[in-house]
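Asker: Just need the whole structure built from these sequences, with the hints factored in.
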Amino acid sequence: MAIGNPIVLSVRNLTKTYRAAGEQIAVLRGVNLSVAAGERVALSGESGSGKSTLLHLIAGLDRPDGGEIRLADSSVSDLTDAGRAALRRDRLGLVFQQFNLIPSLNVEDNLAFQSRIAGRHDPAWHGELVERLGLGGLLHRYPEQLSGGQQQRVAIGRALAAKPLLLLADEPTGNLDEATADDVLALARDLVKRSGCGFLMVTHSARLAATLDRRINLHAGLIA
Amino acid sequence: MNDKFAISRRAFTGGAVVLGLGGKAALAQGFAGLGMNGGGFASVIPGKTFAFPADHGPHPDYRIEWWYVTTNLMDAAGIAYGAQWTLFRQAMQPGAQQEGWANQQIWMGHAAVTRADTHRYSETFARGGVGQAGVEPKPFRAWIDSWQMRGLDPIGDDSIAPLELTASGTDFSYTLRLDADRALVLQGDGGYSKKSERGQASYYYSQPYFKVAGSITIDDKPAQVTGRAWMDREWSSQPLTSDQTGWDWLSLHLNEGEKLMLFRLRQADGNNYRSGNWILPAGKTEQLASADIEMTPTAFTEIEGRKIPVAWRIAIPRLALSIECSPLNARSWMATSFRYWEGPISFRGSHGGVGYLEMTGY
Amino acid sequence: MSRLVWILAVLLSHWRRHPMQLATLLIGLISATALWSGVQALNLQARTSYDRAAATFGGARTAMLVSRNSATFPQQLFVDLRRAGWPVSPVVEGRIQIGGRSLRLLGIEPVTLPAEVGNAPAIGKAGLQSFVTPPGEMLVAPETLSELKLTEGVTPLASDGTLLPPLRVQPQLVPDVLVVDIGIAQRLLKMPDQISRLLVGKAKGRRAPLENIAGDKLRLVEPDAESDLERLTDSFHLNLTAFGLLSFVVGLFIVNSAIGLAFEQRLPTLRTLRACGVSAGMLNAVLLVELVSLALVAGIVGLVCGYLIAASLLPDVAASLRGLYGAQIPGHLTLKREWWIAGITISVIGALLAATTSLLRAIRLPVLAAAQPYAWQQAQHRWLIFQSALALIVLATGGGLLWYGDSLVSGFAVLAALLLGAALGLPAILERVLSLGQRSAHRPLAAWFWADSRQQLSGLSLALMALLLALAVNVGVGTMVESFSRTFIIWLDGRLAADVYLNAADDTQAAEIRAWLRERPEVAAILPSGRADTQIGGAPIEILGLADHATYRDRWPLLQASATAWSRLRAGDAGFVSEQLARRLKLGVGDSLDVPAPGGNWRLEVVGIYADYGNPKGQIAVNIAALTRRFPQIPLTRLGLRVAPAAVPALISSLQDKFGLDGRNLVDQARLKAESTRIFNRTFAVTAALNTFTLGVAGIALLTSLLTLGNSRLPQLAPLWAIGVTRRRLAAIELAKTMSVALITTVLALPLGLLVAWCLIAVVNVKAFGWRLPFHVFPLQLLELVGVAMAASLLAALIPMIKLARMQPASLVKIFADER
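If you read the sequences in order, they're chains A, B and C. Add 863 to a position in the first sequence, counting from 1, and you land on the number used in the numbering used here. Add 1253 to a position in the second sequence, counting from 1, and you land on the number used in the numbering used here. Add 238 to a position in the third sequence, counting from 1, and you land on the number used in the numbering used here.
Derived by calculation from the structure, the hints in this document are not laboratory data. Glycine included, each C-beta is placed from N, C-alpha and C at the ideal position. Honestly, I wouldn't trust all of these hints.
What the hints assert, rightly or not - In silico contact screen, one side only, chain C against chain B (beta carbon under 7 Å); selected entries:
id	residue
1	S240
2	V317
3	R320
4	R321
5	G323
6	A353
7	T371
8	I420
9	G421
10	G439
11	R444
12	L448
As the list claims (entries may be wrong) - In silico negatives: residues of chain C with every beta carbon more than 10 Å from chain B:
id	residue
13	L341
14	L366
15	L386
16	D419
17	Q424
18	P430
19	D690
20	D731
21	S892
22	A956
23	L1023
Unchecked claim - A few chain C residues that face chain B, going by a derived Cβ cut-off under 10 Å, partial list only:
id	residue
24	Q314
25	P325
26	P328
27	E331
28	Q335
29	V370
30	A446
Answerer: What follows is the structure in structure tokens.
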């Protein structure tokens, strides 16, 4: 635990309710959580516990019903759509289970496009990412020509290329076999450390959760 | 470029009418033609004996000719007006006059009325030979379309009065009666008027003594007016030198009864050619040469991108004359086929009075 | 800014990976723009020359003073009117012959010519001096100069030996007109001090009343808002425009399907971009920028193609306009800047229209929706119901218009409703047919065949709609043209009753010719005819005088007639009216009409109605003797001769030798027939060409739809391959499916096309031209079209199928490997 490092994410009393089949389902019922810079946190819980919802709210992909999300000095919940988009672009990295690469861009361009759009492209850091992720020989391939593990490594590289404050990952190894999953996660842990950002990973795997600095368990919409 | 060669009456542009119709190419041609020593037309030579009424009629052997009347008028309420009536004749080719459409004369009419708040003008063209326009000396009649200058009975051949003058445009019209009790005045040397040091000249006589009464209608509102008028008659074949770029001309009615005609031909080399005529009430005249005349612009108005000197200081030390001329309407602009400024003026200083100012080539 | 460029680069990378899609999109936009702007270029060209004609003639666009009772009037009236304040300018007009060609000679007076008489002042005032002073100049259109085989500057001789002024080319001038100074024209035409009309300028001012100056000699003709030519040719241009619009719509179908598919394929990319911090506003803006840029590129290419299309069609258009209406269109295309701007604009608007649904969905795109790339195909089922309802509404509207509408525009609206309704209804009909097929199938593969065809339908429906439209229009137009040419030839046979037609130079020559002909044994009959012009209700009418002769009674075709029609003509109080005129004036046999004639109105009873195809003017046929009594001044120079066919060539050559008649004034029936047929064939040549273009565009639509669909079909095909159906077999099945839906569409297009033909013949033609053709069906032609359509479909389907047959098994395996 990196005590003394600044807090990059703090979540206070977060609530979120969905309406499904005419019923109100309270997914989050007052969640409190914080992640410090350089800290690597696993968010686990059974299916439907609200892990992904929490992650989406933090990423500004959805709006909470109540409570507050602060990312460094800005309040995510106060921002407009465009403001939250800018926040994602400049300060967040997102990695999903389905890799989410752009099929028409090759590996090199996929890696670089978020940092380019954010206007924070750093060739040295880009080079380091390519090397550490072992993508050197794959730069001119297209996503469909890559294996799942390779695709996820590109996704992690893209998320970190803009040097975000916080890396968010939603079951990043869910589509990978165990050995590949371990490889990919090891790379992610290593790179997070090098970049000094916070890391919040949703996973249902206790084994993978155990490899991170801290583990938070979400149960029935509350941190257990 | 058009304006450079454009003229009206006294600027003697032979090419005037053809120029106006034919655009720049024809203009250049017409001008070039003028430089070529009359090109088969009759020459203006000193010592001509004028005969009236015959000389009131056209002289088709000469390239260009005009009948020109300017009037300074006032209505019962004291509002000042100016009215102009001009008929130009231009021969396209020298030689015996052809009948019908083959006739080589082209006629152009300009008419205008000016008030301090408005200036209205109209223009029309006609070919000779069919009767649409022409001039007949006896009984005197000059016409183009419905515009007419007509001798009234009993007309004096030496005074060319009385006359009836009518013209109309889309938004104005006038009918004026012109009376004069004195004979015409021959300009220059017995009617031979030099236009440059190189011998360019015209035949030129005037009737500056007209008294006027009649009506002017602007936008269907008629006004009864009275005042004075000045007629110029001039013809020539080769009036300009190639470096003369334009012309400032004044006809002045002095309150004391004298008349003064002045012109300045601007030359490209800056050696402007000035000339004038001081006409006493009894008809006696005194020629003024370049050295006698000082003409200085004092105010300018910009019209269609051109800077027009609409006010002048005029001094003739020999006559102890020093006056400031100002226009009735600074925008007396004739936006006709070729463009010039012509409008009524008034003056103050050593002498007071009214008159007309014409400026071309700006 | 650089952010925008990067996002645009990401979006554009899609096209690099899917060049075929890009090609589809561009082809759609290009063909839409090209066909539309090509047609517009033709219309524009024609309109410009009508304007020019109107201006040069000082015709309908300018107010005119003409004589009340004769062709010319004294020039003094011009002077008198000018002196009374009238801004008039004289024109004298006549005809002169150069090298056997008769040309209109116009004498104008450039000095007084009103400035608003179009181009004419420019003609007159440039070089005034050389134009007016003898020998003057004779202005001529470049086309006429080359037809006369003369060059600029030469002084031609008129056929009567008069030396004419030197020729000067005036590109703005209409062909077949010569313009000289009025003085020169009066001399050439031997009309000293006479003028034909006075053009009245717009300049206002005080002018005396006309009667005070001219008494009752002159009549003021007010200007028309549009020229005669414009009015006459309106229907022709509407026809062209309708085709242009149809092609445009078909092109947009392609664009719509290409954009829709691209959008679906790019949904994951769009979501990823949003997740990576591109705001919705920015993304939409970039999508719009991308679309507009593509539309601009396609627009420019489309305009160039449009120009080429117009240039290649122009000779036919010009020929049919000349043949039908006597309108002269220059043979070379000149385009205004407005045309280019309008073309680019229509391309952008078209692209935006075609992309509306996709753009709206992009704007509402939720970042978090589960990725379902082909969900739209399911939504299509709901859409199908909506679309069918829409089809019914459109068809009902068309029915209403058919019932209540009474104009050419409503005629076209009926046509448009019919086509649009059918196109919208097509997917539902195909769905019904395929589900019937599915129910009747028993073997599993056959059941799959039908079921999968149904599923594929949504992806193909736009292309099939385009195919349906193109085919139906093809059937419709083909049937109309064929009906027309058959009817026309039969009609022409009857109508050209005489064997030789001649037109003498004047009445004296006509008398000499008649005397000479009477001595010729081979001439069985001399049939004098005459023609007078008048107006009814402002529209020009021809009155044709027919000899009272068995030739006409036996052969002249009448659509309707009273029992004793021909003998009724003799008395001079009865006449036949042309079909057009009967429709316009709502006349039937037994009605009567008043015809304005010099001596007062002439009351005629309608005793027959005859077809008069191709004549824009209304016509009345009366007895020739009665006509000359009522119109004493008409020339009696036209003669028809009955001659044994074998004797025709000899007679013609003796007539030529003896009376100096040339091909324009002396013609035998066979040549006249050939000439007329040629003109009428060309009338529809443009329609047929556009028709072919449209079919081509529809073929491209089908091809591109199949190609874009090809890849997305793999997940459906892979399981079949996995259970042991070979790739070759799969390809064959796919081909059979495509061909069967195309066949069903084609079969549906046939009755629709016949309906379209009926609409054209019974509604549009009647309104446009005033005649109704008998309706024929041509089964062979239909069969041929089915063949063409199937060949086009086969060609379109073949490429994707070959790709499938040759596909590496690995590609199919991959379908299972990554579940996308």
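Asker: So, against the hints stated earlier in the document, which numbers end up violated here?
Answerer: Failing hints, ascending: 1, 6, 10, 12, 14, 16, 17, 18, 27 and 28.
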